[in-house]
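Work the whole structure out from these sequences, hints included.
2 protein chains.
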Amino acid sequence: MEGHLVDGVVEVGPNGRERYYDSRGYGRPRGAGVELAPVEAAHLLYRGDLGSVDGRGFRAFLGDNPDIVGRFLVYKDLRDRGFYLSPVRDGRVDDLEPDRGDVDLVVHPRGDGPWDGTVEHRIRVVGERATVPMASLGDVVLAIVDEESEITYLETAEPDVSGSSPAVVEELGVARATEGAGSAPTPTPATILDDRVICWEPPADLYERGFYGQRLDRDGDALGLSLLEAAHLVDRGVLEIDGGVAAVREHGRAVEGDRFDRRLAVYRDLRRRGVVPKTGFKFGADFRTYEAVEHVDELGHSELLVRVLPADAALSPRDLSLDVRLAHGVRKRMVFALVGDGDADGGDDITWRSVSRLTP
Amino acid sequence: MEGHLVDGVVEVGPNGRERYYDSRGYGRPRGAGVELAPVEAAHLLYRGDLGSVDGRGFRAFLGDNPDIVGRFLVYKDLRDRGFYLSPVRDGRVDDLEPDRGDVDLVVHPRGDGPWDGTVEHRIRVVGERATVPMASLGDVVLAIVDEESEITYLETAEPDVSGSSPAVVEELGVARATEGAGSAPTPTPATILDDRVICWEPPADLYERGFYGQRLDRDGDALGLSLLEAAHLVDRGVLEIDGGVAAVREHGRAVEGDRFDRRLAVYRDLRRRGVVPKTGFKFGADFRTYEAVEHVDELGHSELLVRVLPADAALSPRDLSLDVRLAHGVRKRMVFALVGDGDADGGDDITWRSVSRLTP
Chain A
1 MEGHLVDGVV EVGPNGRERY YDSRGYGRPR GAGVELAPVE AAHLLYRGDL GSVDGRGFRA
61 FLGDNPDIVG RFLVYKDLRD RGFYLSPVRD GRVDDLEPDR GDVDLVVHPR GDGPWDGTVE
121 HRIRVVGERA TVPMASLGDV VLAIVDEESE ITYLETAEPD VSGSSPAVVE ELGVARATEG
181 AGSAPTPTPA TILDDRVICW EPPADLYERG FYGQRLDRDG DALGLSLLEA AHLVDRGVLE
241 IDGGVAAVRE HGRAVEGDRF DRRLAVYRDL RRRGVVPKTG FKFGADFRTY EAVEHVDELG
301 HSELLVRVLP ADAALSPRDL SLDVRLAHGV RKRMVFALVG DGDADGGDDI TWRSVSRLTP
Chain B
361 MEGHLVDGVV EVGPNGRERY YDSRGYGRPR GAGVELAPVE AAHLLYRGDL GSVDGRGFRA
421 FLGDNPDIVG RFLVYKDLRD RGFYLSPVRD GRVDDLEPDR GDVDLVVHPR GDGPWDGTVE
481 HRIRVVGERA TVPMASLGDV VLAIVDEESE ITYLETAEPD VSGSSPAVVE ELGVARATEG
541 AGSAPTPTPA TILDDRVICW EPPADLYERG FYGQRLDRDG DALGLSLLEA AHLVDRGVLE
601 IDGGVAAVRE HGRAVEGDRF DRRLAVYRDL RRRGVVPKTG FKFGADFRTY EAVEHVDELG
661 HSELLVRVLP ADAALSPRDL SLDVRLAHGV RKRMVFALVG DGDADGGDDI TWRSVSRLTP
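If you read the sequences in order, they're chains A and B.
Sequence positions in the first sequence follow our numbering and run 1 to 360.
Sequence positions in the second sequence follow our numbering and run 361 to 720.
Any given hint might turn out to be false.
[Claimed, not checked] Simulated restraints, written as ranges between beta carbons of each label pair:
1) A:200 to B:427: 13 to 23 angstroms
2) B:659 to A:272: 44 to 54 angstroms
3) B:520 to A:205: 46 to 56 angstroms
4) B:655 to A:217: 49 to 59 angstroms
5) A:246 to B:716: 40 to 50 angstroms
6) A:294 to B:674: 33 to 43 angstroms
7) B:580 to A:52: 17 to 27 angstroms
8) B:618 to A:250: 34 to 44 angstroms
9) B:581 to A:341: 52 to 62 angstroms
10) B:564 to A:341: 55 to 65 angstroms
11) A:313 to B:674: 12 to 22 angstroms
[Said to hold, decoys possible] Some chain A residues near chain B, calculated using beta-carbon distances under 8 angstroms:
12) 59
13) 62
14) 128
15) 147
16) 148
17) 194
18) 196
19) 205
20) 209
21) 211
22) 227
23) 318
24) 322
25) 325
26) 326
27) 329
[Unchecked claim] Below, simulated SDA-like cross-link-like pairs (lysine to any residue); rule was C-alpha separation at most 20 angstroms, straight line:
28) A:76 to B:716
29) A:332 to B:679
30) A:282 to B:716
31) A:332 to B:685
32) A:282 to B:674
33) B:642 to A:333
34) B:642 to A:131
35) B:642 to B:688
36) B:436 to A:222
37) A:282 to B:486
38) A:282 to B:515
39) A:282 to B:437
40) A:332 to B:437
Simulated from the structure, these hints should not be mistaken for laboratory data.
Using N, Cα and C, we set each Cβ at its ideal position, and we do this for glycine too.
So, in structure tokens, the structure goes:
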């Protein structure tokens, strides 16, 4: 059979419908004929199941349409894995997926075809050199075609981050522990030293049940706290530092700029959600988190790695790949906290995205 | 005993030498007394082995000298691990380490002291928020103090990158394979498609013995090549592409800018060294490399992950930590190729650095 490219679709008729759509899930029926997306036509040409498009064979057709190469490779890979796919055109797949201009291909569940109206994955095809706006993720699978034409699939979602760790400092009873009868709680003094805070004589629960700070010595009580932990604790009236929260923030901004405010917003949000954030430095992340801390002596595996980014951040696929691969290797979930401008002063403008490897 | 801070050192005398230097490796002898670096004095104060410095105890002394906190934590950690250390002052440790202004502490081999004149590690202490000029690495251990005062040690070196894979295309006999008697070699045609190159009918050795490209299909011969591979092969007269190397480079620069030239310089250098570079995308790196490719069917484990950077690049300790952790997890060595300006046109201005985890 021969096809003709008309207005961006390849028309095959008059009797292509049965051969291509009904029996093998290519294209969109149009009477007894069928309209193929260019990527579908390329695949049929490649397999030798379509003779030509306007007299052009596979190589020439691809050469005329270099912008479909990435999508062709992904379409082919998923077909090879046994899936039927529907390319999205004009933002929709028939009536199935309206308003998904950010999606290139819909993958139907194994065994289903385009006539079933079911969706297994929504695929966005990106080249290795693209940048990926992080806020655009969630309910989409990135199919990243690298420079050697290998494909990496990354599943993205909007995770529900929550846990059962003591949500607020008050639940630890720390402030109350130092409270005289009838008087206000007495915060524990602490000192800023360079870009960290030392608390020489902390209440034991602060570390043991709240998992705040790290002991400077196995035998001693003194705690080294990060500036984030200290800012949070001063804010909750548990620690007292010369100059108050303002002094801690000033130190934080001096060493990290705006990033400090974003990280503090996320730190607070995680604590509020019952999740304990500790430094993710050894994993190259902002935080690793524990969702169920009862006592530091019975600490489980940390579940998430969290990277804090501005809300409008865009990452390269290579950086995404690095984060996801590392998280996978240490059996953690990679999560991104996107912080909007509203958050600079403790508002609540944080959106969450997770990214993980997918083998379709 | 009591010490006095004079010109940046803490003098303890008249008889501190025996107590601090001879028996426990602190300080530098000065007659019957001893001169302590502030970090040594802090450690002695911390342990209660020195009464005070100018009437100040440990907490007050540290508060007066916040810039030594990071070094104090590292000094303490390595002492706790059973090492003697000598702080570097004025760029030297006695006569042992002249001209090492980039080193903060010298660690003596276990069992040795400062009087032995031996060196196990040269330590540079950096905070998590510092940036690390990559060219400054090699023969130094980074002790990175993170925001929660935990320490990560990274060993750096100047690696010898080399292998036994076919060093130049000619060794594969690919060009000669198409050479008619008495005529010049006939390169194989290939086509640029978007940001990759396709070679429809390549000589089999190109992939099988040279490990160039990836087969588009398990059953077919057609190869997808990266722009880097294609530029190299066109340059060696093996491939023929409309517009020659210039066209490939133009495409590469259009999608990657200067980075393409740096990566091409490193790609060529690796091939020259007998090492086969393939994309490191899945590991978030520029390349993974194979040092002994004989046939793709008997491919071993890839040994290195290579990140390509400009010669003056400085990384954050967090990014370094991420790279090293990932490489460790997949049992590869993390290597950085620093490309100087001289290399934009195929010169040879590449320096190599490796970074790996160290447990002292």
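Against the structure, the hints:
{"no.": "1", "hint": "A:200 to B:427: 13 to 23 angstroms", "verdict": "holds, 20 angstroms"}
{"no.": "2", "hint": "B:659 to A:272: 44 to 54 angstroms", "verdict": "holds, 50 angstroms"}
{"no.": "3", "hint": "B:520 to A:205: 46 to 56 angstroms", "verdict": "holds, 53 angstroms"}
{"no.": "4", "hint": "B:655 to A:217: 49 to 59 angstroms", "verdict": "holds, 57 angstroms"}
{"no.": "5", "hint": "A:246 to B:716: 40 to 50 angstroms", "verdict": "holds, 41 angstroms"}
{"no.": "6", "hint": "A:294 to B:674: 33 to 43 angstroms", "verdict": "holds, 42 angstroms"}
{"no.": "7", "hint": "B:580 to A:52: 17 to 27 angstroms", "verdict": "holds, 19 angstroms"}
{"no.": "8", "hint": "B:618 to A:250: 34 to 44 angstroms", "verdict": "holds, 38 angstroms"}
{"no.": "9", "hint": "B:581 to A:341: 52 to 62 angstroms", "verdict": "holds, 54 angstroms"}
{"no.": "10", "hint": "B:564 to A:341: 55 to 65 angstroms", "verdict": "holds, 58 angstroms"}
{"no.": "11", "hint": "A:313 to B:674: 12 to 22 angstroms", "verdict": "holds, 21 angstroms"}
{"no.": "12", "hint": "59", "verdict": "holds, 6 angstroms"}
{"no.": "13", "hint": "62", "verdict": "holds, 6 angstroms"}
{"no.": "14", "hint": "128", "verdict": "holds, 6 angstroms"}
{"no.": "15", "hint": "147", "verdict": "holds, 4 angstroms"}
{"no.": "16", "hint": "148", "verdict": "holds, 5 angstroms"}
{"no.": "17", "hint": "194", "verdict": "holds, 4 angstroms"}
{"no.": "18", "hint": "196", "verdict": "holds, 6 angstroms"}
{"no.": "19", "hint": "205", "verdict": "violated, 18 angstroms"}
{"no.": "20", "hint": "209", "verdict": "violated, 17 angstroms"}
{"no.": "21", "hint": "211", "verdict": "violated, 11 angstroms"}
{"no.": "22", "hint": "227", "verdict": "holds, 7 angstroms"}
{"no.": "23", "hint": "318", "verdict": "holds, 5 angstroms"}
{"no.": "24", "hint": "322", "verdict": "holds, 2 angstroms"}
{"no.": "25", "hint": "325", "verdict": "holds, 6 angstroms"}
{"no.": "26", "hint": "326", "verdict": "holds, 5 angstroms"}
{"no.": "27", "hint": "329", "verdict": "holds, 4 angstroms"}
{"no.": "28", "hint": "A:76 to B:716", "verdict": "violated, 39 angstroms"}
{"no.": "29", "hint": "A:332 to B:679", "verdict": "holds, 18 angstroms"}
{"no.": "30", "hint": "A:282 to B:716", "verdict": "holds, 13 angstroms"}
{"no.": "31", "hint": "A:332 to B:685", "verdict": "holds, 14 angstroms"}
{"no.": "32", "hint": "A:282 to B:674", "verdict": "holds, 19 angstroms"}
{"no.": "33", "hint": "B:642 to A:333", "verdict": "holds, 17 angstroms"}
{"no.": "34", "hint": "B:642 to A:131", "verdict": "holds, 16 angstroms"}
{"no.": "35", "hint": "B:642 to B:688", "verdict": "holds, 15 angstroms"}
{"no.": "36", "hint": "B:436 to A:222", "verdict": "holds, 15 angstroms"}
{"no.": "37", "hint": "A:282 to B:486", "verdict": "holds, 14 angstroms"}
{"no.": "38", "hint": "A:282 to B:515", "verdict": "holds, 15 angstroms"}
{"no.": "39", "hint": "A:282 to B:437", "verdict": "holds, 17 angstroms"}
{"no.": "40", "hint": "A:332 to B:437", "verdict": "violated, 28 angstroms"}
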